[in-house]
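A.B. asks: Sequence:
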Amino acid sequence: MSLTTFSAERDVARVGRDAVPFAKVTVPSLLEKKSLRQPITAVTAYDYASARLVDEAGLDVLLVGDSLAMVMQGQENTLSVTMDEMLLYTRGVRRAVRRSLLVADMPFGSYQTKKGAGVANAVRFVKEAGAEAVKLEGGRERRELIRRIVGAEIPVMGHLGLTPQSVHRMGGYKVQGKTMEAIDELRTDALALEEAGCFAIVLEGVPRELAKIVTDELHIPTIGIGAGPDCDGQILVLHDMMTMTFSTPAKFVRRYADVAGVMQEALGEYRRDVEARTFPSDAESYHLSREIRELMTEPSEAMR
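Per the working numbering, residue 1 is the first one in the sequence shown, and the count goes up by one each step.
FYI, nobody ran anything at the bench for these hints, they're computed from the structure.
It is possible that some hints are incorrect.
[Stated by the list, open to error] Heads up, simulated DMTMM-like pairs for lysine to aspartate or glutamate below, C-alpha to C-alpha not over 25 angstroms straight-line: (1) LYS115 - GLU195; (2) LYS115 - GLU144; (3) LYS212 - GLU185; (4) LYS34 - GLU195.
Given these sequences and hints, build the entire structure.
C.D. replies: See below:
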């Protein structure tokens, strides 16, 4: 048992010194941030506890990413995660979020085959999991699908550049948009996604100079990850920035805390306390009442 749900006290006492007052983030408010040149903050997280900390820290966007296949399930890439799994994780995050805009990744295979299935799966994220928007990868080939999802009253975030669901086509996780042809392709795709109705576009793994050009050309926000500081906002995976992964971080990851180190130290201390029988202490134990203890020490009738 763990006491992690909302309480009146917790709603009043926000977490951390930098906690901000409650102000719900919406698609229109993100578009307004673009026009006012106010940076957009976003983080990818996958569970109730993490999402609650992200939300209470005042970030604008919380993405339940299909990268959970790697971070939470230990898979080699994002391709194996299913719709049911994405819905399950999104539901948990939904219960934690009060302020941030909740966006859910549409997993591989949920929209690449039939447009009707893509719309239906987007509806499931909103209806069954409480998402407020969905994110999908791809450029011009997604225009009609995006129009149909937006037509179903569901906001869509696009994703260009290094698109993890295309890892096999790209031949690995490589920086995109490094040739003139690739630059033209990405710029054309970005404008197509805006025209189709996307409210924002994630730019991943592209040169800073290209990200700035695209950001300046669009009326909708760009959210960068490995795309330099000139995007309208930035997103990182929570586990990466907290050093809770088990591999060398990408060049663009800044580690803000060593949570894994703190956890390993705490777990080691716990093991030593248990082995030394210093945990739990008497103060950390429940006790019978004095009356019951006295009765237990008296000889029973059968023994008299």
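A.B. asks: All the hints need checking, so say for each whether the structure fits it.
C.D. replies: Verification of the hints:
1. About 18 angstroms separates the Cα atoms of LYS115 and GLU195, which keeps this hinted pair within 25 angstroms; it holds.
2. Taken as a hint, the LYS115 and GLU144 pair is honoured in the structure, with Cα atoms around 8 angstroms apart against an allowance of 25 angstroms.
3. Using a Cα cut-off of 25 angstroms, the hinted pair LYS212 and GLU185 holds, with the two alpha carbons roughly 15 angstroms apart.
4. A C-alpha spacing of about 17 angstroms is found between LYS34 and GLU195, which places the hinted pair at or below 25 angstroms, so the restraint holds.
Violated hints: none; the structure is consistent with every hint.
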